[in-house]
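Protein chains: 2
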Amino acid sequence: MKINNNTMVTIGIGIGLAASLFACTPKKSSNSGGAAISKNAAEKVYVAPGKHDEFYAFLSGGFSGQLAVYGLPSGRLLRVIPVYSVNPENGYGFTEETKKMLNTSHGFVPWDDSHHPQLSLTDGKVDGRYAYINANNTPRIAKIDLKTFKTTEIIEVPNSGGNHGSPYLTENTEYLIASTRFSIPLPNKDVALDKMKEEVKGTISFIKFGKDEKMEVAFQLLVPGIDYDLASCGKGMSHGYCFLTSYNSEKASTLIEINASKNDKDLLAIVNWKKAEECVAAGKAKTVDGRHVHNELNESTHTVTSATIDKVKMLDVRDCEGALYYAPVAKSPHGADVDPSGQYIIAGGKLAAQITAYDFNKIVKAIQDKKFTGDYDGVKVLDYESVLAGEVKKPCLGPLHTEFDGKGNAYTSCFVSSEVVKWKLGTWEVVDRMPTYYSLGHIMIPGSGSKQPWGKYLLAMNKITKDRYLPVGPELPQSAQLIDISGEKMEMLLDFPTVGEPHYAVALEANLIKDKVKKIYTLEENKHPFVAKSEKEARVVREGNVVHVYGTAIRSHFMPDNIEGIKVGDTVYFHITNLEQDWDIAHGFSIIGANTSELLLMPGETNTFKWEPSKPGVYPFYCTDFCSALHQEMQGYIRVSAGGSSTPLKFNQGK
Amino acid sequence: MKINNNTMVTIGIGIGLAASLFACTPKKSSNSGGAAISKNAAEKVYVAPGKHDEFYAFLSGGFSGQLAVYGLPSGRLLRVIPVYSVNPENGYGFTEETKKMLNTSHGFVPWDDSHHPQLSLTDGKVDGRYAYINANNTPRIAKIDLKTFKTTEIIEVPNSGGNHGSPYLTENTEYLIASTRFSIPLPNKDVALDKMKEEVKGTISFIKFGKDEKMEVAFQLLVPGIDYDLASCGKGMSHGYCFLTSYNSEKASTLIEINASKNDKDLLAIVNWKKAEECVAAGKAKTVDGRHVHNELNESTHTVTSATIDKVKMLDVRDCEGALYYAPVAKSPHGADVDPSGQYIIAGGKLAAQITAYDFNKIVKAIQDKKFTGDYDGVKVLDYESVLAGEVKKPCLGPLHTEFDGKGNAYTSCFVSSEVVKWKLGTWEVVDRMPTYYSLGHIMIPGSGSKQPWGKYLLAMNKITKDRYLPVGPELPQSAQLIDISGEKMEMLLDFPTVGEPHYAVALEANLIKDKVKKIYTLEENKHPFVAKSEKEARVVREGNVVHVYGTAIRSHFMPDNIEGIKVGDTVYFHITNLEQDWDIAHGFSIIGANTSELLLMPGETNTFKWEPSKPGVYPFYCTDFCSALHQEMQGYIRVSAGGSSTPLKFNQGK
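Protein sequence lines correspond, in order, to chains A and B.
Here the first sequence stands for residues 4 to 658, numbered as in the numbering used here.
Here the second sequence stands for residues 4 to 658, numbered as in the numbering used here.
Chain A with its partners taken away, still in its complex shape (with noise of 0.2 Å):
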């Protein structure tokens, strides 16, 4: 450790403060947790039937490892879009063509941890494109398509101990990021825990998002190794730069919530991606091992495919002066929040009671003016003074993260007190706070890390839920409270609770993208191999022990529904072409006893069910998904018989 702890200010966490870390106990008699209602509230979040919500809000599954869509003001749940966890709902991760979304390097991965969404931007500004997201646990980053809502693409970053701080993305979403939260050997290889902290790595991969609208690792920067947290990349003045939050400088590899919280001051990096691309491009970067695996869906196969790669680009950011600087940042922080204009980059630190926003230019003159007060690993560690635009007063105790509304105003979530802070950029002054109920996480308004956010409302995420809602068991949801933020003072709006854990949220103008979602899938363009574009298509073709069904479904019946000549020891793959073409026609396959999930078939599209029958007999089959008067009619049989027989293969195909 070379950090030069005489440029520190010294932040002493009160018994109180230290105390309350743990203290969950409600402490406030109201049932607002201690928030005013706005008189209003009820009109303002009623969302009238027939109408429209404002606001698409994404917020993370958490370890639910989905992208959860609500509409604002409203709160209310709009889809659950699979990303990293297996849906037995509708198949994802089950049939033949979905299940190569969740390959990974480790093989097969049924769950994930993802955290933070993320928007596509161009020029600094929401597009409505994609949605990002990352898994925490086995580091990948997701894309999911903004006109299908589907989960299109995931690519796994290899080279990276769990994947926290991703996937923050630059002003023409020309990379996403991705930085190591666990830090661990590179090459990762048998090595005493205790003699860890001198092998230990991390990495900030760097994914490019080309003109193809695909991702792929452009290259790694080699860091120190300590762990990575939160980021967010500079926009405007400060494109060109990423900055990250992180811990343990003390790297330390047990007890980290004591032994990683000694220093008084941890690391706030700070990248200069245009600089590391310089180097990349001037051959200073060295090809590695990076075995990784990257999945697309092909959208007209409604397939997808899943391709390995064995090296990456790794830079070593000693070997490229101006690629990464630190500064000191509050202990234990975890936002990292560029603000509008790109000039402001604030942090929080949870065991402080201190909200800092450093100066990009000052942070430009203080790396000309070598203002480094030592260095960290190699790294140059900039003096904190030389950097810093002011620290909030009076903020508030564990601040963790801050939003902004395009105003002028900042809005920080603080942890420990359980509050929003609403702050002015400049002046560093609060003008405003809004209690929460206990343990506020991440809080979000629309648009806040582009330049032009939407200021009308802010989501406070609530890691604590307790009594907040009817009980329903040990185990509770999650719960949001909307709050509107357009007025001098907030107003506090609404409570809904949540599915998995939301991390992290963002958020779009609903007009920015309602009237491109696609409705359908259009049957001209189906490449499914198996596909069956009419009744008179749907056929049954043997090929040795493997049976492939081309079926077909339309209200209200499947073709064929009645199938003989089924063996024990046959696999059947019944490829279920859904040829309606209106939308919100969708129907659903099972056959009784099956050791998969069902398929469930938009129009247009073809799935793929794999069934091995163990007995002779008659199986029904039946459409899961109510699509009409006669939907409890949509059914047929399947007949099974023994192995060797010789019953003929036999299917109606219409009349």
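A pair counts as met if it fits within one copy or between any two copies, since identical chains are not told apart.
Using 30 Å as the maximum straight-line C-alpha spacing, the simulated DSSO-like pairs for lysine-lysine come out as follows:
1. Lys469 - Lys517
2. Lys54 - Lys459
3. Lys469 - Lys150
4. Lys492 - Lys47
5. Lys539 - Lys200
6. Lys469 - Lys530
7. Lys469 - Lys47
8. Lys200 - Lys373
9. Lys211 - Lys368
10. Lys618 - Lys314
Since the hints were derived computationally from the structure, they do not count as laboratory data.
Owing to the predicted nature of the structure, the values given are computational and were not obtained by experimental measurement.
Start from chain A and add chain B according to the hints.
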């Protein structure tokens, strides 16, 4: 077919009705689906921050396989209870403890289609002990404990080709019934489908719910092989009977939408289960093959055990006079709903414009007086006029399902005309109509299936969503509408989207259970064989190639958090106990690259994560549920050495 057509009232399906069966294009210009919105709707559905909803509503997940808990009147999703589908979010179906809950006679089944939640009754009143729900595809019934909101028992229903009309229950929850939707040869065998008509049989199973509050297949009735649909059981005067609709009296096995709609009337099954009990007691049932699996969660060991039962008692109704009668019912019926008094049984026909009320007293008398018009496969068919209480005058198109407010009114959902009609029991006059959004399926009034409904709200569950909410791609949520029925006229209050596909719902007043809900599992009661009840008990034990980690989690660390001496080729079981004893302090657990879901551990709970490392290296694990200000620091490392290496087993154990 021996139904006497002379006694039937032929209901023609007009061209308009037939055409509208498939018409889903909005035909009304109003955004409310034609309904005027109540003036005070916003105030009526708004539940202010910190206030609780008035009702718990349990909506079936349909093709999600789960059970969703909503608060009413807010429409907020309070929880999704995993029942029949794996849930990587909390490890349900993945952990060593829970995966047996999805065992069946077909092996492990990761998905099902859950349709009809029911609530336990005592003396015909909702008692708040349990919810139950059927699996439609692989026939099963599940029990959900309303103290923990957990699935604690699942029993398979043997000799069934599909379990739709289930799990309707008797007035003291003596039995849960399960009837075959798809009749198949019994015992199932290899039969040519065009010969199947002669072989098919149905069963109506009586699942005993004993004083030990466990389920057991008491006996099955062997009944004619038509397709049984929905049901309900008698109460008060009709206690001892159950009533089931059916379709496909034609016994068609192909193009059922046409071939099962040929007869003018279908059959209502009237089961005298007390008579059936007598016959079983008199030895008239045969013991037959009926292999089925029974899974139970032990809440002390936190572990599911699974047992297989091979035989069941089967009573052929032809061997038990008086156990089963049929009555003609309007074509393609759906609901069979008993009013709170027990006197009236209401059935509609999806393909009819007819709602029929049968009078229980007349049924008893008609049986006594032998008012039969013929028989169907040996079962007597009652004369329609002799059992008729009345037909609703000018009802609607495609009546599906009727609920009751306990004040003498019935409400019927009409699929084709997309409306709720309110009518008077006794006079059969329609007194109000409420247009809903398109393709209204089922409706729900809290407590409707009991003697004492809470007649304040009606929830309409619509099959079509289309542009009802912000568009979210080809795959849309389902849609519910909340209607105030406390006054003379119905008032439309709120639209909200729902998860899965709710086919059916039940609800109860929150006050009945909210104070009884369990908040934690006590450590003292934890009898898990691998529990560590304190950090002192945390340890790692090797048994050959199997390693057991007796681990603990408490804010904000795991114990042990450093483990060495694990080798490639080992199978490692992490048995993690959450030592917290405070509500809503959950911890999670996962390891990078693991091929299973996370653990999500409620306070006092132990669960097991199986891991088979494939390469030497250092592997981070971490807490996946934000638990405290130092949650981010709650992590550890496992060192994996090569197979055959001599790295000794080592782990930390607190100080």
